[in-house]
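Chemist: Okay, here's what each chain looks like letter by letter:
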Amino acid sequence: MTLPPFERFYEEHREEIYAFLVRRVGRERAEDAFQETFLRALRAYPKLRHGEHLRAWAYTIASRIAIDEHRRPRADAELPELASLDGRPAFAELEHLADELPPTERAAVVLRYGYDLDYADIGAALGSNATAARQAASAGIRRLRRKEAQ
Amino acid sequence: MTPVSADLDRRFRDTAASEQLLDVAYDFVDSPVGALLVAGTERGLCRIAYDAEPEREVDRLAHAFGVRVLRSPRPIDPARRQLDEYFEGARQRFDLAVDIALLADFNRRVLRELARVPYGEVVTYGDLAARAARPRAARAVGTVMNRNPLPIVLPCHRVVGANGKLVGYAGGLERKEALLRLEGALL
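Which chain is which? The protein sequence lines are A and B, in order.
Read in the working numbering, the first sequence has 132 at position 132, and its numbers run on one by one without any break.
Read in the working numbering, the second sequence has 134 at position 134, and its numbers run on one by one without any break.
Please keep in mind that the hints were generated in silico from the structure rather than gathered at the bench.
Just so it is clear, the structure is predicted and the values come from calculations on it, not from any experiment.
Among the hints, erroneous ones may be present.
Calculated from the model, a selection of chain B residues having no Cβ within reach of chain A, i.e. all distances over 10 Å [claimed, not checked]:
#1 A62
#2 V67
#3 V69
#4 R71
#5 D95
#6 D99
#7 A101
#8 T143
#9 E174
Straight-line alpha carbon distances no greater than 25 Å define the calculated DMTMM-like cross-link-like pairs of lysine to aspartate or glutamate that follow [unchecked claim]:
#10 A:K47 to B:D9
#11 B:K165 to B:E121
#12 A:K47 to B:E121
#13 A:K147 to B:D77
#14 A:K47 to B:D99
#15 A:K47 to A:E100
#16 A:K47 to B:D30
Note that CB positions come from ideal geometry on N, CA and C, so glycine has one too.
Looking at chain B on its own, in the form it has when it is part of the complex (with noise of 0.2 Å):
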């Protein structure tokens, strides 16, 4: 039996994006944090997750976005790209769209302000639930930075407690530390 060469797969899967069939395009990326999931739709990215178990996250998708969901890299490439330098310490802001139309309004607006907070600068949840306008929010800001779907993107590492301790990261705290270390807020 011949199997199916590398190169149909990936033409397939190119075309399958290019001629915008898909609900949601994903890859993997990887990075000295290891290898991120990498999700999109048409309207922006959607989903960086570490620690992917592949089925339950393209369960997740599907669920959440439409069925058709398949692995496409060329989608996932400016993403990549912009994931490649900000670890090799080239690019300090991301320029990407990003797809959180469906998460809940406070999420939205807590994210908003988190994609504000500058590379290299820590703030603490009390200090981001003022700036989304919600003072006394800090723990719900905590769930929502624990349930932040583009991870380092919008950049929840860099939200940290009022004591100045790390505290708490959806992918470990050795991860937000190497982030916060190579983005120099961290020693």
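Excised from the complex, chain A in its bound form (with noise of 0.2 Å):
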């Protein structure tokens, strides 16, 4: 599948990567999450080699965003959720190594543990379906354990 003009990319999934970022940062600071997610596939796009998983990638752009902008401290600070943010030690210790998996174990892992999706949610971000989504988030574990362990 050759890559399809930005414009298609942005008109197809501009809406439901906001709403994404809507329900995991907040209405406050989605906007500027949504600017920055679409200017980093943006400068990223010329890269890809084809138009596949361009869904699940547009995820992954966002979660790694909507996770940068939690740990970003805030003027009016006390927000209860960054608590619940922090208890993450596992995928802290994996995130530097998930850029090396396919690209859908890699969204499938990073939505899974990096932003505690569910999989019915992943499953739909991936076009596929929850049993899918599980399967590609514990091959990418499994691969992820290899890599740590060699």
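Bring the two chains, given one by one in their own frames, into a single complex with the hints.
Modeler: Following this line, the structure appears as structure tokens:
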């Protein structure tokens, strides 16, 4: 599948990515996160070699940015949800390795362990289903464990 | 679900262009001869299309210039302003950079000569061929006119048959007539 013009990629995914970001970081921060997601996608876009898994790719970028948004201190502090986001040592250890995974596995791992999405949501993001998402995530994790062991 | 607001969408499209992340920016410009799809690269204006089917046109632009094609009004604003002025009769020359680097040498040479044909005047295909140093290439010049990527700005409507007939226009003869009438070249 050839890479579509960026306009089409953006038109197809902007609404769901924005909705995803509103759920993850709240409406107030979602606009900045949205801009950052699509600017980052635009920078990387010409390096993509084909047009497959673009939706999962967009979610992967958005979830990374959502994580960064949460880590970023904010002026009005005291956000209760911040506390719950720190309990992810397992993913933090793996995150630097996730870049080397095949795209679907990487997306599944990042969305599951980086962002606590349930498998139904991940399946939807990947254009498959919950079962396939679970398989991709566990295949990704197994691969990461092996890499880590090396 | 909260939709992406028009303001947020606009901000993204502006920023993408101002950070120079686009291969091609395009937008639609209203005109008396119909909506025009107008596109440009960093180097200059690269496409003006009548009756554009956006999907197909965007595919073509991506194929020719790179996949980062985005509708982004701001970079198109100078062209929009000058086209508006032209259609109001307040502008006779376009002052816009054009990007025709991808065209064949002959096409570029003919289009450069075409750009020198003044407002309100007409030349024949043969005249233009002679000006491009290929006096017998009137027919080839006709093909270049037919494929002109920047109608209006590169004024292929000012090129007519040897008998003075309008002959042809990629955007349709009615438009050619309307443009020549606007310029006072036709009564």
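Chemist: With reference to the structure, classify each hint as holding or not holding.
Modeler: Results of checking the hints against the structure:
With a least beta-carbon separation of about 4 Å from chain A, A62 of chain B fails to lie farther than 10 Å from that chain, contradicting its non-interface assignment. Not every C-beta of chain A lies more than 10 Å from that of V67 of chain B, the closest at about 5 Å, which undercuts listing it as non-interface. A cut-off of 10 Å between C-beta atoms contradicts the statement that V69 of chain B is not in contact with chain A; the least separation is 4 Å. Separation of R71 of chain B from chain A is inadequate, the least Cβ-Cβ distance of about 6 Å not exceeding the 10 Å criterion.
Separation of D95 of chain B from chain A is adequate, the least Cβ-Cβ distance of about 28 Å exceeding the 10 Å criterion. Taking the minimum C-beta to C-beta distance to chain A, about 17 Å, the non-interface status of D99 of chain B holds against the 10 Å cut. With a cut of 10 Å on Cβ distances, A101 of chain B stays outside the contact zone with chain A, its closest approach being about 19 Å. For T143 of chain B, the shortest C-beta to C-beta distance to chain A comes to about 27 Å, beyond the 10 Å cut-off, and the non-interface label holds.
The Cβ of E174 of chain B lies farther than 10 Å from every Cβ of chain A, with a closest approach of about 30 Å, so its non-interface assignment holds. For the proposed pair K47 of chain A and D9 of chain B, the alpha carbon gap of about 24 Å is at most 25 Å, so the pair holds. For the hint pairing K165 of chain B with E121 of chain B, the CA-to-CA distance comes to about 14 Å; that is within 25 Å, so the pair holds. Restraint check: the Cα-Cα separation between K47 of chain A and E121 of chain B comes to about 48 Å, which exceeds 25 Å; the hinted pair is violated.
The straight-line distance between the Cα atoms of K147 of chain A and D77 of chain B is roughly 52 Å, outside the 25 Å bound, and the hint therefore fails. Restraint check for K47 of chain A and D99 of chain B: the C-alpha separation of about 24 Å stays at or below 25 Å, so the hint holds. A hinted pair counts as satisfied when its Cα atoms are at most 25 Å apart, and K47 of chain A with E100 of chain A qualifies at roughly 15 Å. Proposed proximity of K47 of chain A and D30 of chain B is contradicted: the alpha carbons are some 35 Å apart, above 25 Å.
When held up to the earlier numbered hints, the structure conflicts with 1, 2, 3, 4, 12, 13 and 16 and fits the remainder.
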